[in-house]
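Enquirer: Listed below are the residues making up each chain.
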Amino acid sequence: MTDTVSRAEYCVVACAEAWRGDGEVLASPMGLIPSLGARLAKHTFSPDLLLTDGEAMLVGLDGTVEGWLPYRQHLALVTGGRRHVMMGASQLDRHGNQNISCIGDWRRPDRQLLGVRGAPANTLNHPVSYWVPRHTRRVFVERVDMVCGVGYARAAGAGPSASRFHRIPRVVSDLGVFDFETPDRTMRLASLHPGVTLDRVREATGFDLTVPRAGAWAGAGEVPYTREPTAAELRLIREVIDPAGRREHEVGAAGR
Amino acid sequence: MTDKTMTPEDVVGRLRSGMTLGIGGWGSRRKPMALVRAVLRAGLTDLTVVSYGGPDVGLLAAAGRVRRLVAPFATLDSIPLEPHFRAARQCAAFELTELDEAMFMWGLTAAAHRLPFLPVRTALGSDVMRVNPGLRTVVSPYGDGEEFVAAPALRLDAALVHMNRADPSGNGQYLGPDPYFDDLFCEAADAAYVSCERLVGTADLAKEAAPQTLLLKRHAVTGVVEAPNGAHFTSCAPDYDRDENFQKLYAATGWPEFADRFLAGSDEGAYQSAVRTWHEEQTGEREAER
Chain A
1 MTDTVSRAEY
11 CVVACAEAWR
21 GDGEVLASPM
31 GLIPSLGARL
41 AKHTFSPDLL
51 LTDGEAMLVG
61 LDGTVEGWLP
71 YRQHLALVTG
81 GRRHVMMGAS
91 QLDRHGNQNI
101 SCIGDWRRPD
111 RQLLGVRGAP
121 ANTLNHPVSY
131 WVPRHTRRVF
141 VERVDMVCGV
151 GYARAAGAGP
161 SASRFHRIPR
171 VVSDLGVFDF
181 ETPDRTMRLA
191 SLHPGVTLDR
201 VREATGFDLT
211 VPRAGAWAGA
221 GEVPYTREPT
231 AAELRLIREV
241 IDPAGRREHE
251 VGAAGR
Chain B
1001 MTDKTMTPED
1011 VVGRLRSGMT
1021 LGIGGWGSRR
1031 KPMALVRAVL
1041 RAGLTDLTVV
1051 SYGGPDVGLL
1061 AAAGRVRRLV
1071 APFATLDSIP
1081 LEPHFRAARQ
1091 CAAFELTELD
1101 EAMFMWGLTA
1111 AAHRLPFLPV
1121 RTALGSDVMR
1131 VNPGLRTVVS
1141 PYGDGEEFVA
1151 APALRLDAAL
1161 VHMNRADPSG
1171 NGQYLGPDPY
1181 FDDLFCEAAD
1191 AAYVSCERLV
1201 GTADLAKEAA
1211 PQTLLLKRHA
1221 VTGVVEAPNG
1231 AHFTSCAPDY
1241 DRDENFQKLY
1251 AATGWPEFAD
1261 RFLAGSDEGA
1271 YQSAVRTWHE
1281 EQTGEREAER
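So the sequences go chain by chain: A and B.
Numbers 1 to 256, taken from the working numbering, label the letters of the first sequence in order.
Numbers 1001 to 1290, taken from the working numbering, label the letters of the second sequence in order.
The set of hints was computed from the structure by calculation and includes no laboratory data.
Some hints could be false.
What the hints assert, rightly or not - Have a look at the derived ranges for each label pair, beta carbon to beta carbon: (1) B:Thr1137 with A:Glu24: 29 to 37 angstroms; (2) B:Thr1283 with A:Glu239: 37 to 45 angstroms; (3) A:Thr197 with B:Gly1284: 26 to 34 angstroms; (4) B:Lys1207 with A:Asp53: 25 to 33 angstroms; (5) A:Arg111 with B:Ser1017: 45 to 53 angstroms; (6) A:Ala156 with B:Gln1212: 21 to 29 angstroms; (7) B:Pro1256 with A:Glu181: 28 to 36 angstroms; (8) B:His1279 with A:Gly31: 55 to 63 angstroms; (9) B:Ala1042 with A:Pro47: 38 to 46 angstroms; (10) A:Glu24 with B:Ser1140: 27 to 35 angstroms; (11) B:Arg1198 with A:Glu181: 52 to 60 angstroms; (12) B:Glu1257 with A:Ala244: 49 to 57 angstroms; (13) A:Arg111 with B:Gly1143: 43 to 51 angstroms.
Using N, Cα and C, we set each Cβ at its ideal position, and we do this for glycine too.
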């Protein structure tokens, strides 16, 4: 239990933190690491979160069915706002615009991906965080090719109805945690995962990331690091939530 | 009471090229695949397909039958990207109306309620507005003055959906965890065709499960087809799960080869038989490897 915390485990904790303080809302994690994070949050500091089984059932941590949420109620719940989703992103820009639809010209894409799915409605109605398992310049781009999830500047530009419930609490990648706590609501480095350098993040990011000057950090001169998991959290991750160690495959050697 | 039972061939005999077809289910879940295969066999083309897309979209796109797709996504679920949908999009083989999941639902709801649109808080600020230049917004007539996108009604010429059970009058029952939007598809359509795993007597419907499983009412259903395994290879819980091995084959096989082996037969029976043969071959190969 005292051995080294893996990058994947820092990522799980950083994802779990997205749901801290959310209370009784539906946590919708897309992808493995966010799913482990949501479960960790529910096991510990956010016990009131609701989770689905990936289909139509609301289930507790042990799989006990506590409710029914078919797609039509799920989509209605989105506009009601009692949800915090962590989506993936094929592209993400400094304003938090996200693309999962296609790469290239929409009329004839170089690479067709999923489609917009629920991203536009999600971003206009409830908190949306993002998870990027491999932080590269192909994902963190100057401009996304198709705005699916709406970022801060565009939400503000689209008027009060669009910005009223818009919020992007955090972006977690295999390198660090990012937020939009800047005067112009552009992306800021919030913390580096231990073992990652600032240069590594800058190299992998296709736009100028806001990085508060040394001294502005809590521990003057020090870049803040993503917090350590507690011993209890590590035990939960390793023995209860992901005993098979699937997390280590999603955040691979490239992230080390 | 009118007996609405028919064959897949009867259904497609009532459809025409150029129609707007709504297809029920979601992704690779409870898709009316037997009816989609009948559409393929009948040579219907120039279709506008309205779907929470799965392999229904992939099959029709690969065969070149789609003029326009109205969808928020196309996916095989366990395989995130639908290969034939991707290939068709990447050569601009059809026009796309890309809506988000919420607009799609409210568009169907508007059509079912004979409304031209319903206001939704979505799309504003996103490129859904850019790629659909015909979309309009509405301003609340009350004091708040908020502006919303007006999700246009998705009115359908015909709907195709698949149920677990149905009776000959067109009452349809789902027994799985999610109704998806199949009743809305039927209500939004001028004609709705329901395939089912098993045709049962009316009296048996309520015997088998709770009353809220009775999703489709006969007034909104035009024809009923008994099509066992008719959602194959998508899931049809609790009757069967997705045929993952076959779906992998579908995703990994070039279209001409797949179509030649599985879709060249004269009816649904020929498809089901070709699938059984393939599975037997797989089992044989596994045993030979031992």
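Enquirer: Could you tell me which of the numbered hints above are not met by this structure, giving the numbers in increasing order?
Expert: 3, 5, 6, 7, 8, 9, 12
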